[in-house]
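In this note's numbering, the protein residues as written are 1 to 685.
Keep in mind the hints are simulated off the structure, nothing from the lab.
One or more hints might be untrue.
To be verified - Computed cross-link-like contacts, SDA-like style, restricted to lysine to any residue with a CA-CA straight-line distance of at most 25 Å: (1) Lys292 with Glu212; (2) Lys292 with Asn15; (3) Lys386 with Ala458; (4) Lys332 with Tyr116.
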Amino acid sequence: MSDRILVTSALPYANGHIHLGHLVEYLMTDIWARSQRASGRRCVYVCADDTHGTSIMIRARQERRSELELIAEMSAAHQRDFAAFHIRFDHYGSTHSEANRAACARTWEALRAGGYVRTQEVTQLFDPVEGVFLADRFVQGTCPRCGATQQWGDSCEKCLSTYTPMELVDPVSTLSGAQPVVRSAHHLLVEVERLHGFLDTWVRADGTLQPEIANYLTGFFLSGPLRDWDVSRPAPYFGFEIPDSPGDYWYVWFDAPLGYIGATAEWCERHGESLEDWWRSASTRIVHVIGKDIVYFHTLFWPAMLHVAGWSLPSRVQVHGFLTVNGEKMSKSRGTFVLARTYLEAGLDPTHLRYYYATKLGPRADDLDLDLDDFVARVNADLVGKLVNLASRTARFVTGQALPATYPEDGGLFAEGAAAHDEIVAAYEAFDFARVTRLVMGLADRANEWVARTEPWALAKDPARRDELVAACAVALSVYRQLVVYLSPILPELAGKTAALLGRPIERLAEATEPLVGVTVAPFERLLDRVDAKRVAAMIEASRASLPGSPPPADPPGPARETPAPIDEPVAPTCSIEDFERLDLRVARVTAAAAVAGAKKLVELTLDVGAAGTRTVFAGIKGSYPPERLVGRLVIVVANLAPRAMRFGTSEGMVVAAGPPGKADERQVFLLAPDDGAAPGLRVR
RNA sequence: GGCGAGGUAGCUCAGUCGGUUAGAGCACGCGCUUCAUAAGCGCGGUGUCGCCGGUUCAAGUCCGGCCCUCGCUACCA
1 MSDRILVTSA
11 LPYANGHIHL
21 GHLVEYLMTD
31 IWARSQRASG
41 RRCVYVCADD
51 THGTSIMIRA
61 RQERRSELEL
71 IAEMSAAHQR
81 DFAAFHIRFD
91 HYGSTHSEAN
101 RAACARTWEA
111 LRAGGYVRTQ
121 EVTQLFDPVE
131 GVFLADRFVQ
141 GTCPRCGATQ
151 QWGDSCEKCL
161 STYTPMELVD
171 PVSTLSGAQP
181 VVRSAHHLLV
191 EVERLHGFLD
201 TWVRADGTLQ
211 PEIANYLTGF
221 FLSGPLRDWD
231 VSRPAPYFGF
241 EIPDSPGDYW
251 YVWFDAPLGY
261 IGATAEWCER
271 HGESLEDWWR
281 SASTRIVHVI
291 GKDIVYFHTL
301 FWPAMLHVAG
311 WSLPSRVQVH
321 GFLTVNGEKM
331 SKSRGTFVLA
341 RTYLEAGLDP
351 THLRYYYATK
361 LGPRADDLDL
371 DLDDFVARVN
381 ADLVGKLVNL
391 ASRTARFVTG
401 QALPATYPED
411 GGLFAEGAAA
421 HDEIVAAYEA
431 FDFARVTRLV
441 MGLADRANEW
451 VARTEPWALA
461 KDPARRDELV
471 AACAVALSVY
481 RQLVVYLSPI
491 LPELAGKTAA
501 LLGRPIERLA
511 EATEPLVGVT
521 VAPFERLLDR
531 VDAKRVAAMI
541 EASRASLPGS
551 PPPADPPGPA
561 RETPAPIDEP
571 VAPTCSIEDF
581 ERLDLRVARV
591 TAAAAVAGAK
601 KLVELTLDVG
611 AAGTRTVFAG
621 IKGSYPPERL
631 VGRLVIVVAN
641 LAPRAMRFGT
651 SEGMVVAAGP
661 PGKADERQVF
671 LLAPDDGAAP
681 GLRVR
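Please work from the sequences and hints to get the whole structure.
What follows is the structure, given as structure tokens:
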């Protein structure tokens, strides 16, 4: 076993506030770190704000203040939210720190020295108004393949084709609305492929990655050559200038993971430790906790960089899934996109969320569902009905009393709990917190049964049986404390209150094997409140209310569909009437419609376009419009769209529909139709 | 299409190395209790363990095939 453990969570981006989805990761890491410490290991938990990149720069400009002011404010907000959920970092830094700059420089020198860096001219779109190069996600335009408008710079959400932003028709900068120009600049790239062999081995190392993650990497990225990684961005860019390449800045994903090292360096500085011991020593285990969205940054580029620069490699990268709420992706329109602060402001207890997440967190990267009804029922039943109840139903009988100096006979109850110690420690180590809570609640059930059989309240009525009463309470309170000790990494606040009630601190999981003797019981105070379902409802309402308002449209007829979230979609740049007339839109009648076998969303339509003949058109609308409902209705079709060969056949046009931009939920598509009286073949003008 | 994960009671899930009659919690019903935050205890019912086949003395568990759900990824207007 290593002398030291360093554990990290991914660095939250300084462009947004912490929400319940973020908290999965930080709570998971905090619980693990606390459990390691409670097992007697030295474990340091560091994190930091991720502060660089174009988004921060642009946002600061829009808010007419400096980036430094913006990131300072966000860092304070993040740390306040984390602290409120009892997430305790040993150090919380920032990627915009001198320590991180030094870590970047040191790593960069090693990459240079190893000959891994090459220069290449990269042609990109450039926003002449803002004066910045535009990443794919800052450009919108018309898809060069299918003509869909307002598509992002890298791929079309409609036809799912991929391309470069330069290929977009009528591109627009989403930053300024200006038309971008093509401009080239030199970039610095890291030749990751040269480390392919190393990565193959590292990814497969036992215990480093969850098997399904290793398998995914091996089969997906490592099955072919790795592309060179572009790690520089030309000025202006909010970040660190590359020392040996003036005017170039490290890409945010280069310096962000190095923030782990930078933050550790700051912690070392403050505590008289040596960074070499923590990041260049085999006696430190490094554990990263991340979400499944950033797996490849942490399992390909990151180990490659560390390897070249002689830093320690993570001994474990623990990947978790995403949070869903009531079984669905978090949604602003449903009010399930809940900020950490909103949860707190609704008067809900962070302890409850910590417990609920723990009951759902296992060692695998599965998504975790916050079912709000289940949340209320589970927390109230487990924490209040079972656990805290053990104390509240007995402590009052012995207020101010000293418990016996020797532990009374309990029929093996305490010993049974003590026997679970090793299993519980192992479950914590494996990030299997669901197992921890299951085991502990099983023990709590048995303890409540014991109390019911022993009937301390009956003993209390007979002064002659005073000793028996005290003994019974000593058992119940010992077992109560035992279970709280086991849960203390998950429920630190309850552990603290329990320590005060029973006059003994809770620090180690091993204390669960020692019964409570000789202590004086303090006056009972409420240890935990129940979850109030009304507050949960208020939280959802508040989350919904914080949206830019817009009354939801009435549900159109048809299958169950979703009211689209109000989307702030910018209006496309001005076009002339001539531009418009290039599009030949015609009324058409659907004469046949069939779902396309093998496609998720496609419906194959046969259209009568009057004099323009009959067309076969594929439309991705199955989620909103089952084929049988389409036959006979009128639609609008782009009649002069270039035919498009698809796997399922050739599409001779496109049916026009309204819908949100981006990754459209297929239930959010609305076909356009002419009023009654229009005939197939009529042109729209 | 590829990869991954799943399908066990109304709901959420556990189920070790194949081994007795398949379990827990929630919910529900009845009874008890009234110490406790409308808490607790006892009793009770439902299961084609997704489907089909195979291995075996024995399959929820192992093997093969299939169906369905979810996630990631690709193709596709």
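Evaluation of the provided hints:
| no. | hint | in the structure |
| --- | --- | --- |
| 1 | Lys292 with Glu212 | holds (11 Å) |
| 2 | Lys292 with Asn15 | holds (20 Å) |
| 3 | Lys386 with Ala458 | holds (20 Å) |
| 4 | Lys332 with Tyr116 | violated (44 Å) |
When each numbered hint is compared with the structure, a violation occurs for hint 4 only.
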